[in-house]
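J.: Letter by letter, the chains look like this.
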Amino acid sequence: MATAVQATVERENYLNVDYSLKSWLLTKDHKRIALLYLISITAMFFVGGFFAMLIRLELLTPAGDLVSSDTYNKLFTMHGVSMIFFFLIPSVPAVLGNFCIPLMIGAKDLAFPRLNLASWYIYMIGAIFALTSMLLGGVDTGWTFYTPFSTSYSNTHVIGTALGVFIAGFSSIFTGLNFIVTIHRMRAPGMTWNRMPLFCWSNYAASIIMVLGTPVVAITILLVALERLFHIGVFNPALGGDPLLFQHLFWFYSHPAVYIMILPGMGVISEIVPCFARKRIFGYEFVALASIAIAVLGFLVWAHHMFVAGISVYAALVFSLLTYLVAIPSAVKIFNWTATLYKGSITYDTPMLYAFGFIGLFTIGGLTGVFLASIGVDVHVTDTYFVVAHFHYVMVGGMVLAYMAGLHFWWPKITGKLYPEGWAKLSALFVFVGFNLTFFPQFILGYMGMPRRYHAYPPEFQVLNVLSTAGASVLAVGYVLPMIYFVWSLRYGKDAGPNPWNAVGLEWMTASPPPTQNFDVTPVVTWEAYDYEHQDEEVSVGH
Amino acid sequence: MDQQRETSTFGMWLFLVTEIMFFGGLFCAYLVYRATYYEAFVAGSQTMNIWLGATNTAVLICSSLSMAMAVRCAQTDKRKMMVILLLITIMFGAAFLGIKGVEYHEHWVNHQFPGPNFQFEGAEAAGVNPQNVQIYFSLYWAMTGLHALHMIIGIGLVTWIVIAGARGAYSPDYYSPVENVGLYWHFVDLVWIYLFPLLYLISKKHGG
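So the sequences go chain by chain: A and B.
The first sequence begins at 1 in our numbering and counts up one residue at a time.
The second sequence begins at 1 in our numbering and counts up one residue at a time.
With the rest of the complex left out, here is chain A:
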């Protein structure tokens, strides 16, 4: 290893093999496509973050003084659209999954490299549609596009935004399809299903949802656009249509979509916890199958978004019960990660800090989800900040922290450079404190009855709103810092070497950054995943 680092001629890798713009824009290398995605979704993250910042600034004072109520409607809509469809859904799968899955299973690339590149272009076209609509004046329907407001009454750019979401949906379908085929057919010799890293399992489960769910929301959004253009009346009650049907079709995708977002994040945590506890994951099979169980059960709970929309009490009862069931596989994962920590030799590197943050915040987000699954509580807090806080605990406290954890974990592999550990720990602290300060007050606000989606509120809610806005600015620092030190590390970071964490996955057995073909020799796998005890024994014997 030492000799390789000191070699005078720089080893050829996927980054330095060709510097031309064309070699990036026409690349079929999954690693380069992952970086294209990384740049695009980071841009969309900051677009969504910008809208969030304006929302929090407006809510600093009880009066609606910074923006008009119409503008406020647009702000939270565009925040939701950019964050959900253009950041959270592609985040872990399209960036980290794209980069890591072929490496983890010992393959040269994904099964369909050209389709992979096409999916990025499709994503970009969708993003351009959405961004153009925002620049032209935005959209105010909420990210859910509820009918008949979206089809008949809103005077904003619904069609452009809806088409953007529709188009971006196909990029997610193609990514999911690519992952499923890759995981089935491209595994290296000896890489059986039960030896596969859990990150692959959870991305596989998320891919199932992408492939089965996304087409349904695609056709739904297409019908919304048709209804707006031709007044076909499918969702407009004034024309005999049924707006509840829209909600059913929309949530049939959009509820499972939260599992598209969270499952790959859980996969990241399943990689990091064993590595920094130096132990095999507790109950591998249970964690793997819990991913599949979440994907399957996730398809059967969508109407819990509609408890107050006028569905029958019996339907509500069934959906409430099924929603409780999803908590079981999610809790299995939490228990297994915690059990993995037990008697482990834990180190607190940045990825592990984020992973700890994930476990705690996801637990709070998940448990409040169980509150909301019970119809009585849900009716009480529907459309309040309690719901807002709940899904931000899952999506930001869970998913974004997992994404940050993964980014810090695999950054040395992606770039071959180490980031400054001190700064990274500091920003992890900023994110954790800032996040809780932003969203915990919203649980209280919601329980006290502050409704979501209004730009003004009674003065007695101000203290908690000021806390929330203060937290948001701390959180913003926590997001900007990594941007700076990641870019800094590209030039000034120390060389990482192939395996800075002493981790056992196949991706750590090749150089950092990996060569274009990933492995010089196709690896043959003869060991179980997360074989840390064994590896550490070998290392200590070797010394």
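There may be inaccurate statements among the hints.
[What the hints assert, rightly or not] A few chain A residues that face chain B, going by a derived Cβ cut-off under 7 Å, partial list only:
| hint | residue |
| --- | --- |
| 1 | L177 |
| 2 | I180 |
| 3 | V181 |
| 4 | L212 |
| 5 | P215 |
| 6 | T220 |
| 7 | P237 |
| 8 | L239 |
| 9 | P243 |
| 10 | L325 |
| 11 | H380 |
[Said to hold, decoys possible] Where chain A lies over chain B, by a calculated footprint (3+ residues, C-beta under 8 Å):
| hint | stretch |
| --- | --- |
| 12 | 24–30 |
| 13 | 132–138 |
What the hints contain is simulated information worked out from the structure, not anything from laboratory work.
By construction, the Cβ of each residue, glycine as well, lies at the ideal position given by its N, Cα and C atoms.
For this one, chain A is given, so just place chain B on it according to the hints.
T.: Relative to chain A, chain B alone:
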């Protein structure tokens, strides 16, 4: 090579699953509204030209036969026959779209297109709300229109493999594009096999 073929075919099957879900949303909407506005849906489907629909069904089944035979020819290295059969498939596909165009034209001149100009004569006689019949026609246009779009894409794909096939791109060792386009073609055919009874047949009254 064998593994590559299986991989791309596996990918195609998965893609067809997404297509089923895509059309599934529309089928679901159809079933919901048919249950809600049963009489209006009966009145709407009375106006369908059952003979044009039946002819189109036959045309599509024939096109699937020629497509299947073309795939077989690709397997057994009969290049010339494969090209001829694919051209026949394109011809059947175009015939389907032509007949569909005649039907669309009829609906159009009869104001059976959703929107401000929608009219449905005989709504009073049938005792139904024309607005609800409009939903039938909205779904009719959306479902058959989306199907026609798939047919056009299918004809484009077949044209592509005819050109590549005539140049000798395929052999018994490598014919997965032919096989995959064939799978797609059969799928689009099968969608029509469901659309035809739902939109034309099941609400037809005897002697109506």
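J.: Verify the interface restraint on A:P237: the C-beta must sit less than 7 Å from at least one C-beta of chain B.
T.: violated, 11 Å
J.: Can A:L212 be said to touch chain B, with a Cβ gap under 7 Å?
T.: holds, 6 Å
J.: Hint validation: A:T220 versus chain B, beta carbon distance must be below 7 Å. Holds or violated?
T.: Hint on A:T220: holds, closest Cβ of chain B at ~6 Å, below 7 Å.
J.: Given a cut of 7 Å on the nearest C-beta pair, is the interface hint for A:L177 held or broken against chain B?
T.: holds, 5 Å
J.: Just to be careful: measuring from the Cβ of A:P215 to every Cβ in chain B, is the smallest value less than 7 Å?
T.: holds, 4 Å
J.: The stretch 24–30 of chain B covered by chain A? Criterion: 3 or more residues, Cβ-Cβ distance below 8 Å.
T.: The restraint on the stretch 24–30 of chain B holds, since 5 of its residues have a Cβ under 8 Å from chain A and three suffice.
J.: When the nearest CB of chain B is found for A:V181, is that gap smaller than 7 Å?
T.: holds, 5 Å
J.: So, as I understand it, the hint says A:P243 touches chain B; can you test that by seeing if any CB pair is closer than 7 Å?
T.: Hint violated; A:P243 Cβ to chain B Cβ min 12 Å, cut 7 Å.
J.: Any CB of chain B closer than 7 Å to the CB of A:I180?
T.: Result: holds, 6 Å to nearest chain B Cβ.
J.: Against chain B, run the beta carbon of A:H380 and see if the smallest gap drops under 7 Å.
T.: violated, 30 Å
J.: At a threshold of 7 Å, is the proposed contact between A:L239 and chain B supported by beta-carbon distances?
T.: holds, 6 Å
J.: Verify this for me: three or more residues of the stretch 132–138 of chain B with a beta carbon less than 8 Å from a beta carbon of chain A.
T.: Per the Cβ count (4), the hint holds.
The structure fails to meet hints 7, 9, 10, 11 from the earlier list, while all remaining hints are met.
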